[in-house]
Every structure is written in structure tokens, then in C-alpha cells.
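K.L.:
One line per chain: the protein sequences are A and B, in this order. To convert, note that position 341 of the first sequence is 340 in numbering that gives the first Met the number 0; the numbers rise steadily by one, no gaps. To convert, note that position 214 of the second sequence is 213 in numbering that gives the first Met the number 0; the numbers rise steadily by one, no gaps.
It cannot be assumed that every hint is accurate.
The calculated DSSO-like cross-link candidates involving lysine-lysine, where the alpha carbons are at most 27 angstroms apart (straight line), are [as the list claims (entries may be wrong)]:
| hint | chain 1 | residue 1 | chain 2 | residue 2 |
| --- | --- | --- | --- | --- |
| 1 | B | Lys110 | A | Lys289 |
| 2 | B | Lys132 | B | Lys28 |
| 3 | A | Lys385 | B | Lys21 |
Per label pair, the in silico range of CB-to-CB distance [said to hold, decoys possible]:
| hint | chain 1 | residue 1 | chain 2 | residue 2 | range |
| --- | --- | --- | --- | --- | --- |
| 4 | B | Pro10 | A | Met243 | 57 to 67 angstroms |
| 5 | A | Gly290 | B | Pro10 | 44 to 54 angstroms |
| 6 | B | Thr130 | A | Phe258 | 45 to 55 angstroms |
| 7 | A | Ala365 | B | Gln74 | 50 to 60 angstroms |
| 8 | A | Leu305 | B | Ala138 | 25 to 35 angstroms |
| 9 | A | Ala250 | B | Pro10 | 45 to 55 angstroms |
| 10 | A | Arg373 | B | Thr130 | 33 to 43 angstroms |
| 11 | A | Trp14 | B | Ser141 | 33 to 43 angstroms |
| 12 | B | Ala138 | A | Phe258 | 28 to 38 angstroms |
| 13 | A | Trp14 | B | Leu222 | 49 to 59 angstroms |
| 14 | B | Glu173 | A | Phe258 | 39 to 49 angstroms |
Derived from the structure by calculation, the hints contain no laboratory data. Even for Gly, the Cβ is constructed at its ideal location relative to N, Cα and C.
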Amino acid sequence: MIFKLALRNIVGNGWRSLINIFIIAAVLISLIWMEAMWYSWLVLARTEQKQWEFASGLLRSENYDPYDSFTWEKSYAPIPAEAVPHVASGDVVPILFAPGVIFPGGRQLSAMVKGIPAGQNVLKLPSSSLAGGERGPVPALIGTGMAKTTKLKAGDVFQLRLKDSAGAFRALELRVSEVMDCPVPSLDAGTVWVDLNALREARLLPDVATVLVLRDRSLQSISAPRYELITEKEFFADLNEMVMTKAVGQAFLFVLMIFLAMLAIYDTQALAIFKRRKEIGMLSALGMTKGQITRLFTLEGALYMLFACVVTLVMGFPLFWYFAVKGFSLPGDANFGMVGFDRPLLFVYPLPLILFTLVLMFILTAFVSWLPVRRIASLNVVESLKGGRNA
Amino acid sequence: MTITNMSKSFPSGEGDFLALNKIDLVFGKGEFAGIVGPSGSGKTTLLNVIGSLDTPSSGEVDVLGYKVSQLSQNQSSELRSRHLGFIFQTYNLLPVYNVYENVEFPLLLLKLSGPERDKMVRDALEWVGLTDKLKSRPAQLSGGQCQRVAIARAMVKKPALVLADEPTANLDTENSLHILETMKSINSSLGTSFIFATHDDKVIKYLRRVIRLVDGEVVSDDLQTGA
Numbered sequence: 000m001i002f003k004l005a006l007r008n009i010v011g012n013g014w015r016s017l018i019n020i021f022i023i024a025a026v027l028i029s030l031i032w033m034e035a036m037w038y039s040w041l042v043l044a045r046t047e048q049k050q051w052e053f054a055s056g057l058l059r060s061e062n063y064d065p066y067d068s069f070t071w072e073k074s075y076a077p078i079p080a081e082a083v084p085h086v087a088s089g090d091v092v093p094i095l096f097a098p099g100v101i102f103p104g105g106r107q108l109s110a111m112v113k114g115i116p117a118g119q120n121v122l123k124l125p126s127s128s129l130a131g132g133e134r135g136p137v138p139a140l141i142g143t144g145m146a147k148t149t150k151l152k153a154g155d156v157f158q159l160r161l162k163d164s165a166g167a168f169r170a171l172e173l174r175v176s177e178v179m180d181c182p183v184p185s186l187d188a189g190t191v192w193v194d195l196n197a198l199r200e201a202r203l204l205p206d207v208a209t210v211l212v213l214r215d216r217s218l219q220s221i222s223a224p225r226y227e228l229i230t231e232k233e234f235f236a237d238l239n240e241m242v243m244t245k246a247v248g249q250a251f252l253f254v255l256m257i258f259l260a261m262l263a264i265y266d267t268q269a270l271a272i273f274k275r276r277k278e279i280g281m282l283s284a285l286g287m288t289k290g291q292i293t294r295l296f297t298l299e300g301a302l303y304m305l306f307a308c309v310v311t312l313v314m315g316f317p318l319f320w321y322f323a324v325k326g327f328s329l330p331g332d333a334n335f336g337m338v339g340f341d342r343p344l345l346f347v348y349p350l351p352l353i354l355f356t357l358v359l360m361f362i363l364t365a366f367v368s369w370l371p372v373r374r375i376a377s378l379n380v381v382e383s384l385k386g387g388r389n390a
Numbered sequence: 000m001t002i003t004n005m006s007k008s009f010p011s012g013e014g015d016f017l018a019l020n021k022i023d024l025v026f027g028k029g030e031f032a033g034i035v036g037p038s039g040s041g042k043t044t045l046l047n048v049i050g051s052l053d054t055p056s057s058g059e060v061d062v063l064g065y066k067v068s069q070l071s072q073n074q075s076s077e078l079r080s081r082h083l084g085f086i087f088q089t090y091n092l093l094p095v096y097n098v099y100e101n102v103e104f105p106l107l108l109l110k111l112s113g114p115e116r117d118k119m120v121r122d123a124l125e126w127v128g129l130t131d132k133l134k135s136r137p138a139q140l141s142g143g144q145c146q147r148v149a150i151a152r153a154m155v156k157k158p159a160l161v162l163a164d165e166p167t168a169n170l171d172t173e174n175s176l177h178i179l180e181t182m183k184s185i186n187s188s189l190g191t192s193f194i195f196a197t198h199d200d201k202v203i204k205y206l207r208r209v210i211r212l213v214d215g216e217v218v219s220d221d222l223q224t225g226a
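Start from the sequences, fold in the hints, and give me the full structure.
P.N.:
Given below as C-alpha cells:
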């Protein structure tokens, strides 16, 4: 009975109800959109970083500290004996890092030179373009970001200067073999990729590596005395930390939007109690208990939310579909140093998260509807019927 | 219904304002009675206490076996929903409901089945001659039609007692007489008791019993012949 009456009241309220429902639906659509964007980016970031950089684990030279550039020159260690056959079979990919200076178009820029086997297929990095170059310039692979910074393009030749293991400066002539579209900024920014053998030769460092990328998790058990194992949890620690930081900001926005929606509902309900006090008096005179009237008004608020969910699905579907198929691009070339932000982000909609949002909104709406309605219990029926101020 | 030594006072300024003073009245089944008197004499207050919308300050009011002063809020609601009908000067129809829904409302509270409700609503609207206005909203009706809807709403559950507070105050003579005829006919055919609070001579002419109230006291209680 209460449900039927609440429904009638909402329908009877006409455009006022519609405005309420559309406001809540707009908030819901925004919340789902925000959640989907954040979630999709996280999924993308993890997937891309695994495919391009991590695979199933890393063994990192104990001399290498990614946060201390003074260690980079000596950041290598011999390939562990136990890893050698796996390197030969291609299941372990050695990568050697070397700080250097490049001279593109007469300019001078610091760069991290990374040597990777041209024939590797563990990482998504298009290293096959590094093959060749025995005669003439060494093939080099750079990302689109690096190409933009250096104004280099495929086929361009430039100079690289680095130190060999004895501390002597060596110069190499490099030719851009390919400009790769890499979604992981850390593999692009300031980085020049060359064939591992070419780099080892230039540095006079045979059979060493800075990191060993593992194809399978089972390879994590390789005994590697001068290497430390970087697990997935450790590898993504920075990302997780950033997620936490961003999550705080997002949570603030999330709470703010919910607060605004709840404020609208509270205001509508509080105004309704004031404007409809004569009606409340009449309902009471007709025999409704105050509990029933309270439930009626609370249910009205909750039903607004229910209808808003339906409107969200109907109105939001084209939008959600568009971002799932066409993706979302940041304006301009901004990527904020974040994985995958330089390309359209195809949205994935996490059902549990969306359901959680809807249920949370539903509970909050019911609560916020109930807050002002509590006053009904203290209303004087006779004064209510008169529509008086003290009602 | 018995009212025994009942007084009602309201806080006013530093002291209390005595709205009703030691009222003693007895109403039988099928009454068509009116509480008449000038404005401020306590008519509406008496009606509100009888209808358990308000409680007496002292004394006892026994309505159909319910002792008004001892009722909890839920018991008051039950008395009103099952046994009492109200008609107000300003109709107090629910604006977002149409005529049918307004009349149906008291039956929803009684949790009657759909077909049962439908028959009773149509019967009630037949009594007041509004079967052609089922889908109209109160805003689309004249004052007289609104009051007839209010009568149908009060009568639809066939209550034992209908309390009508100045039911003709906002109506012209023709509509007033039509409504009074309707109520009188229901009173005769269904045996429903009607108690009016009024100072309208048109209403008073229809009453079989006239209780005069002045400054919260009953000054006369007379039967009218030929009403």
C-alpha cells in the first residue's frame, strides 16, 4: 500500500519528480563514468606494463638503483650461470642500461641507452627492428615521445656518446630504425633502444645485463647471486602508490558528487514536509499512522533513486557504449607520464564497483530521505490540517 | 458516543486558554447533529477531540468504545481509519491524486482487495453524483465537486460516524443544499451518524439536533422537528 501511494505521489508530482530523477541520474552517470575511466586505466596500465616491461618477473642487478642516476654507469652484473641456458632459449631476456648523451640535429641531450636482444619475443617491444646494422649506423628504436623531443624520425642518423667499462668515451652512429608507439612512458621518455650486442660491444661489457626479464613465473626460482628478484607486487608498488594518491582525490570528488545529490534529495524532502504538511495532516486524519507516513515519504525518496537508476541505464547507455568502443582521449598530447594516456582509453565497466555505487546511493538516498521526514512524528495533526507554521 | 465532563485548554501567553469547559454530551446511532456557535466558541476543537485528532485536557470522551484520552497514536489512527470519516471546510483532497484515487485512499488503509475497493469507490461516487469525474484532479473541479469528493471519501468505507467541519463554508447556496441533501440521504439510507461544526443557517435547518456552544460551554441541546 505504501509503495503504491509513494508511486502515485511521484507520478502525481510530475515535472518536479522528473527534475529530481534527472539530477540523481546525472550524478550516477558521472560517478559510473569516473569509476570506469579509473578502473579501465588501471587495467590498461597493468596489462601494458606487464606486456612491455615486466612479463612474469624481473631480476635486477643489485648495482642498479632506478632512483639514483649515479649508479647507472655501473648498473650491471654478469649473467648468472643458471640463467645462461634460458637466455639462449629466449625465455630470459637480458637488458643492459647505459647512460649516454645523444646529439640529434646538433643538439645535446642526455639519454638512457638500453640494449635488448633484437630477436626477443618475451616483451612487446618491437625489438626486431634493431637487427642488422653490422655495417653502417647501429639501428635504434625510440618512442613517439622521444621522437617528438628530439625531432628525430625513422631513418634519421644521430650520434651517441657513452663511456665504456674502462671509463673511456665511445661514440656510436645510430640510425632510427623505427619510431614505436609505446604506451609505457618510462620506456619512451629519454630512452634509446639498441641491440644488446651492439651496446655490450660499445661498453666493452660482454655477458652482462642490468635486468633479466622472465617469460614464466617458474623462472623466478633461478639462482641469481648478484641480482634481486622484483616481484609483481614490488614492480607495481609505484603504480599502487599512485593509485592510492589518486584514489584520495577521486574519493573526494566521489563524496562531493554524492553529497550534492543527497543535498538535492534532502532539500526536496525538507521542502516537501513544509509544503505538504496539510497533506500530512490529512493522511493522519484519514487514519495513516505516523510510522506509515514516515515510511511513505522515505520510500518516495528511495523510489526517486530507483527511477534514477533506470534513467541512468537508458540515458547513460549510449555514453557508456561510446567510451567502451571509441574510448576516451585526453585533450592534446597530454599523458601526465601515465601509462596508456597518450591513446584513446577504451572503457571497461566493473560490475561489482557499479553495483556497489548504486547500492550505496540507494541506501544513502533512503537515509537522506528519512532524515527530514523524522519531523513528521512530532507534527501536530490539527495544526498540520490548518497548514499552520507550528504544524 | 459519550462525552463526560470534558475540558480542553491550550497554552496561551502566561496561562492557559480554556477552549472547552466541562462538556457532557451523549450521541446515539444515526444522529444528524450540529455543534453551532460563533467563531471561537470551540466547535472545531470539540470535533477534533471527538475525531481523536486532539486529546482532552480532562474528562473522558468515549467514541465507539475507544477512550480518546487513553489512545496511543496507532490506536487513534485505527479509530479514524476504521470508524470515522472527516469532511473539512477546505476539502483537503490530495492534490496529486485524481477523484477515484482520493476516494479509494481510505480503503487502501483498510487493505481491501482491488475489486472490493473498486466497487466501493464507484458506489460512493454514485452517491455524490460524480461517476463522470473519476480521472479528474482536484484542481480541475469546482468547489462543490471537491466537497462532494470529500464526502465520498468520508463515506466510502461506510463509517459509523462522519465529522464535518464547516462543510458548506466555501460553497454557494445551490452547492450547499445539494451536499446537505446528499449527506442527509446517506444518513437515512446507511444509518451513518453525522456531527457538524457550523454556524451556517442553511446547515442548521437540516439538523435534527442542535447543540449550541458559547465560549466553550454547551448552552443548549435541542431537537429540531421538521428537519
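K.L.:
Which of the numbered hints above does this structure break?
P.N.:
2, 5, 7, 11 and 14
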